[in-house]
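Trainee: Sequence:
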Amino acid sequence: MPGWSSPKSALWLAKWQEAIDFLETNHRKPSKFIAEERNMRSWWKHNKKLMNAGELKPERVEMFERLLELGEKYKHVNQYQ
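Taking numbering that gives the first Met the number 0, the leading residue of the sequence shown gets 0, the next gets one more, and so forth.
I should point out that these hints are in silico values taken from the structure, not numbers from a laboratory.
In this text the structure is predicted, and so the values were computed from the model without any measurement.
Fair warning: there could be bad hints in the mix.
[Said to hold, decoys possible] No more than 20 Å apart at the CA atoms, straight line, and that leaves these computed lysine to any residue pairs for SDA-like:
id, residue 1, residue 2
1, K7, T24
2, K44, S30
3, K74, H26
4, K28, E71
[Said to hold, decoys possible] Label-pair ranges, simulated between beta-carbon atoms:
id, residue 1, residue 2, range
5, P6, K72, 30 to 40 Å
6, L10, K31, 16 to 26 Å
7, S30, A52, 34 to 44 Å
The beta carbon of each residue, even a glycine, is placed where N, CA and C say it ideally should be.
All chains, please: the whole structure from these sequences, using the hints.
Mentor: And the structure:
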């Protein structure tokens, strides 16, 4: 992929892959209550805010949208409905 050679881009790509793997393994989004998952949740929310503000790099938008779609697939369902 063009433009993915910088260390920051490689780190973003690694965090994105970690989030994808987490969703596919656990069938849920990262929790703010579990310490090991808190950083991933913060990364997710930060990137969502950047995307909504139009500040997320164009090459990352499509990938992050795929992550959001996967997150919707495993959305929490209230068991008391």
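Trainee: CA of K7 to CA of T24, is that 20 Å or under?
Mentor: violated, 26 Å
Trainee: Given the hint that K28 pairs with E71, test it: the Cα-Cα distance must not exceed 20 Å.
Mentor: Holds, at about 9 Å.
Trainee: Quick one, are K74 and H26 close enough, alpha carbons at most 20 Å?
Mentor: Roughly 8 Å between the alpha carbons, so the hint for K74 and H26 holds.
Trainee: Hinted pair, alpha-carbon criterion (20 Å max): K44, S30. Please report holds or violated.
Mentor: holds, 12 Å
Trainee: Does 16 to 26 Å hold as the CB distance between L10 and K31, or does it fail?
Mentor: With a Cβ separation near 22 Å, L10 and K31 satisfy 16 to 26 Å, so the hint holds.
Trainee: Can you let me know if the beta-carbon spacing of P6 and K72 is within 30 to 40 Å?
Mentor: holds, 31 Å
Trainee: With 34 to 44 Å as the target window, see if S30 and A52 comply at their CB atoms.
Mentor: 25 Å Cβ-Cβ, so the 34 to 44 Å window is violated.
The structure is inconsistent with the numbered hints 1, 7, although it conforms to all the rest.
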